[in-house]
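Could you build the full structure based on these sequences and the hints that come with them?
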Amino acid sequence: MKVVRYLLIAIVALIVLAAVAIAIAMAVIDPNNYKPQIENAVEKHTNLDLVLDGDISWSFIPLGIELNDVEANLEGGRLVALEQLVAQVDFMSLVTMSPRVGTFALSGLDARLEVNEQGEGNWTRIMPEGTSTAEAEQPAQEQPAETDSEPAQESGGEPLAFNVENIEITNAQVHYTDKRTGQAVTLENFTVNASDIALDSEFPLDVTFRVETAKPQFELDGDISTRIEANEALNAFAISGLKAVFDMAGEPLGGKSVTAELEGSASADLENETATLSDFTLGLANLSVTTDLNVKGFGDKPTVSGTFALNEFSPKALLETLGQAPIETRDPDVLESVAFSTSIGGAEGNIEMSDIKLALDDTTFEGSGSFNLTNQATTLNLTGDKLNLDRYLAPEAEGDTTEPAPEETATSKTASSNSGESDLLPLEALRALLLDIDLGLGELIASNLTINDIKASTTAKDGLLKVDEFSGKLYDGSFGANVTLDARNDAPDWKVSANVTNVQTLTLLTDLAEVDMLAGGANLKVNVTTKGNRTTVLRDNAKGEIGFNLAEGEFRRMNLTRMACQGIALANQESLGNSGWGTTTPFNDMRGTLKIDGSTLENTDLVAALAGMTLEGDGTVNLEQKNLDYEAGLRITGEIHRDEACRVSDVVQNVVIPVECRGSLTDDPAKLCSFDGSRFRDTLKDMAANAAKAKAEEELDRAQEKAEKKIQEKLEEELGDKLKGLFK
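In my numbering, the protein residues as written are 2 to 729.
Treat the hints with caution; some may be incorrect.
Straight line, CA to CA, 25 Å or less: simulated DSS-like cross-link-like pairs of lysine-lysine [said to hold, decoys possible]:
hint	residue 1	residue 2
1	Lys-467	Lys-532
2	Lys-526	Lys-544
3	Lys-317	Lys-358
4	Lys-686	Lys-672
5	Lys-496	Lys-358
6	Lys-496	Lys-317
7	Lys-532	Lys-462
8	Lys-474	Lys-462
9	Lys-496	Lys-456
10	Lys-474	Lys-496
These are computed hints drawn from the structure, not numbers from a lab.
This is the structure we're talking about:
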């Protein structure tokens with residue numbers, strides 16, 4: 002035991018002697034005398050010119066050093082400068098293996114970082130050429146390789162205790178410039194204050210700074226206050242009471258000032274791979290996001306749970322506050338309220354959102370969705386009440402009635418539009434989609450059309466997108482459609498099929514285009530294919546047909562009966578009266594087929610049953626030039642009007658009164674159709690044929706009557722006496 006006691010006494014004596022020696026050395030040796038040697042050593046081993054203008058001092062209790070007015074220059078320019086550095090460590094804490102830093106203070110740091118025209122940073126030239134590479138390779142050459150027989154030694158024992166009484170950084174600044182782009186970034190007024198820093202113990206941290214950029218001109222003042230905790234193994238961290246305020250201004254904000262705020266708590270456990278956000282709030286102007294999230298697993302398949310809410314805000318007010326141009330809409334009262342909230346959960350690698358609530362002004366959606374982190378598969382099921390899309394459209398342009406020059410042909414217009422046309426769809430992005438989306442909406446107003454009970458189901462996989470169902474109710478009728486888009490090729494294939502049942506055309510066309518010339522229950526069957534990724538290409542490649550049928554309808558603002566009577570009156574060589582004609586033409590049924598070939602719709606089998614007439618016709622509609630070219634005929638099958646000049650005789654029975662419909666689809670519909678005098682000569686031939694036939698039949702009837710009379714007279718003469726004898 003005496004040996005142990007003597008050994009301890011010897012160790013203590015050695016420590017005391019070492020401490021006394023260090024204290025004497027610090028008291029006797031003036032470090033300022035070694036400035037030239039320090040400066041020469043730095044200049045010898047680096048490309049820096051070190052200038053020690055200020056005093057250098059050290060102390061024993063506490064053990065510390067102080068540097069003043071230090072500057073390091075590179076290639077004739079300042080790289081870094083320092084007004085003062087103070088570092089103090091309790092000497093006895095080093096002896097007990099529990100290092101305790103009394104104070105670490107840094108004041109007046111000034112760093113100048115610059116990238117030249119060749120893209121090289123000045124900090125890369127601090128060391129002489131080849132030095133950094135050789136030093137980096139040396140440890141790798143000297144480090145013995147680990148083998149299976151000699152596994153790496155794990156660290157053991159108690160973790161090292163570490164304590165800092167105070168850290169203070171004041172008036173630090175960093176200047177960064179890039180001569181290639183002209184960009185300049187400055188970090189200034191950077192301050193850090195922290196005290197009572199110890200592992201496994203919470204300590205306060207305050208940070209303030211200012212950042213300025215030149216392109217674009219932007220300023221940010223930050224103020225962060227929080228409490229931080231880390232465990233002794235440095236694999237678990239926590240932040241509590243976070244409050245960060247960022248004041249921003251500059252060109253991106255239209256010269257306005259905006260404040261962003263962060264509040265809440267967070268923690269992370271690296272060993273157990275868990276992280277949490279608690280009562281976390283992000284605020285920007287009038288927008289705020291709140292969330293509580295728990296994450297387990299930091300790999301490719303984490304498990305996430307919690308809540309997320311985008312609290313109600315006004316997008317219009319937000320844009321104004323951020324100095325952005327307002328979104329012009331037809332209804333100035335929209336974009337005043339947006340909100341979103343959801344609960345988050347799901348299995349490993351899959352983020353599932355339940356209780357989704359999305360509000361846009363007076364529209365509300367509810368539903369659920371999910372996102373797979375492994376293959377980015379997205380599912381969404383939303384149901385909404387009502388949405389008026391027209392309120393959100395850009396205002397209609399006023400006074401835009403510019404007509405093309407007379408010499409500008411349709412071909413030149415198409416070429417002009419094609420030259421500046423861009424792709425409709427991002428094909429690469431579409432090929433990566435994996436979607437399964439179901440949407441429902443009680444009422445939708447779009448292009449002034451009102452559609453009810455909408456259901457839409459869309460899937461996407463490997464570049465093949467399908468709208469398996471798009472259906473709804475429309476103007477007392479219904480519709481159903483499906484669309485297939487094959488985007489696996491650079492010229493994607495499109496296929497569209499649709500059925501429309503008993504949709505009332507009068508209200509539909511009136512609401513859609515303010516056209517009230519046609520009424521009736523429309524039934525359509527559409528089958529169209531096309532190919533391409535630009536509007537004009539899709540139009541030019543379109544093929545297919547549209548079968549249509551309108552029951553119990555009428556042509557409005559158009560009197561086909563009067564047009565037919567004009568032809569009949571000409572045949573009768575009389576004039577029509579001016580009253581009693583009306584402005585509509587009822588029909589019982591109208592049907593036909595539109596064959597689609599590019600931008601041209603061709604119809605060769607138009608038939609409609611009118612009172613005393615049958616409408617027959619054929620023609621084309623050019624969607625590119627937006628014009629109509631139809632030749633129709635009104636076949637007379639019976640009495641059509643009470644006007645005496647329009648009486649239907651045998652001469653006009655079954656003849657066709659020609660009608661033409663030509664002009665621009667943008668013209669007044671009532672002026673598109675009129676009596677076609679150029680084809681009336683063919684009608685006159687038919688009338689003449691009818692008249693000749695009637696005359697021949699009349700002469701035949703007279704001859705037959707005369708022959709019958711002669712036969713009767715002869716029979717009476719020959720049989721008269723015999724017949725009288727029968728009654729005697």
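Here is how each hint holds up against the structure:
For a cut-off of 25 Å, the pair hint linking Lys-467 to Lys-532 stands: about 15 Å separates their Cα positions. Among the hinted pairs, Lys-526 with Lys-544 is consistent with the structure: their alpha-carbon atoms are about 14 Å apart, no more than 25 Å. As the CA atoms of Lys-317 and Lys-358 are separated by approximately 21 Å, the hinted pair is consistent with the 25 Å bound. For the given pair, Lys-686 sits about 28 Å from Lys-672 by alpha-carbon distance, which is inconsistent with the 25 Å threshold.
Pair hint Lys-496 plus Lys-358 does not hold up; C-alpha atoms about 34 Å apart against a cutoff of 25 Å. Restraint check for Lys-496 and Lys-317: the C-alpha separation of about 39 Å exceeds 25 Å, so the hint is violated. Distance hint between Lys-532 and Lys-462 is fulfilled; the C-alpha atoms sit about 19 Å from each other, no more than 25 Å. Note on Lys-474 and Lys-462: the hinted pairing is violated, with a Cα-Cα distance of about 29 Å set against a maximum of 25 Å.
At most 25 Å may separate the alpha-carbon atoms for a hinted pair to count; Lys-496 and Lys-456 meet this at roughly 19 Å. Of the supplied pair hints, the one linking Lys-474 and Lys-496 holds, its CA atoms being roughly 22 Å apart against a limit of 25 Å.
When the structure is compared with the earlier hints, violations turn up for hints 4, 5, 6, 8 and for no others.
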